[in-house]
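Trainee: Sequence:
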Amino acid sequence: SEFVGRLPVVVVFDELTREDLVEILKNPNNPIILSKRYDFKAYGIDIKFEEEALSRIAEMAAAEKTGARGLVSAIERVLIPFEKTLPSTQVRTLVVTPEIVEDPEGRLKELLENPEDPERTVRFEKAAEDERRNIEEYIGARADEFKKKYGLELYDRRVALIAKLYLEDICDVNTAFEEFREMYGEIRSREASLPEQLEVDVCFDDSAVDEIIQKAIRTGESAGDLALDLATRLEYGLKLLRDRSGIEKFVINHEAVTDMEKYINDLLKRHYREKGAGEDGSA
29 SEFVGRLPVV
39 VVFDELTRED
49 LVEILKNPNN
59 PIILSKRYDF
69 KAYGIDIKFE
79 EEALSRIAEM
89 AAAEKTGARG
99 LVSAIERVLI
109 PFEKTLPSTQ
119 VRTLVVTPEI
129 VEDPEGRLKE
139 LLENPEDPER
149 TVRFEKAAED
159 ERRNIEEYIG
169 ARADEFKKKY
179 GLELYDRRVA
189 LIAKLYLEDI
199 CDVNTAFEEF
209 REMYGEIRSR
219 EASLPEQLEV
229 DVCFDDSAVD
239 EIIQKAIRTG
249 ESAGDLALDL
259 ATRLEYGLKL
269 LRDRSGIEKF
279 VINHEAVTDM
289 EKYINDLLKR
299 HYREKGAGED
309 GSA
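First residue of the sequence shown? That's 29 in this note's numbering, and the numbers climb one at a time after it.
Simulated from the structure, these hints should not be mistaken for laboratory data.
Since no wrong hints were added, every one of them can be taken at face value.
Calculated lysine-lysine pairs in the BS3-like style (CA-CA distance at most 25 Å, straight line): (1) K297 / K277; (2) K54 / K192; (3) K243 / K175; (4) K69 / K192; (5) K192 / K154; (6) K137 / K112; (7) K192 / K175; (8) K290 / K243; (9) K54 / K69; (10) K54 / K154; (11) K290 / K267; (12) K243 / K69; (13) K277 / K267.
Generate coordinates for the entire structure from the input sequences, incorporating the hints supplied.
Mentor: As structure tokens, then:
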């Protein structure tokens, strides 16, 4: 007591409860789950966690009374048998269930004996959907913070793309935002250089930007290169339309990315409708 009395500041920490530990595990930025996802992906295995499994792991960690550090040892005890065995098999997906947490060795044996179990597939897909939804809800709940930090408009489609980056690249949410913003910047930079490279003036609306980024995520290609390629392939059709209609600048939307022919045809139809309406004197 005399030693404590000589300290100018004393801070008392509350013990982390099971509920606290569950929240740590469910946080998209927590390095414990991220590292395990990364480790298994290195072996070509996609790992998902059921929420009840995370709750059981938190119970194990709470029993150790070592705070958040106990989560690391708890999850290692559960997954080490799978991490040692599965890389030498053809198993490419793993869903961590409460049953696995309770009996890792027994459930590993079952998995090896019946790797194509349809029930396991259904549970994996549900866990994947729950994970995607949780990430989107996490981003949505902090939308104002992320808008201010990264200067991006956020709506459902864009939130889903950033969640996709998070899941596919195995990174924290901030890194996913940074990657998205980098691709967004590549597209806008290409857009600014298009007047010098093409004989038609074009710009991309946000729906086109998102569609290009979606394609970049899927193919691994540069978002800027995809934007340039799209504008180049559209150039001939837009020049013809410009010469017929007198339109000087075209806004490229998502449909131009997914169905270029329909995009051009719709512009032509709109032009002739407007021309016909004008000739008839109607609005």
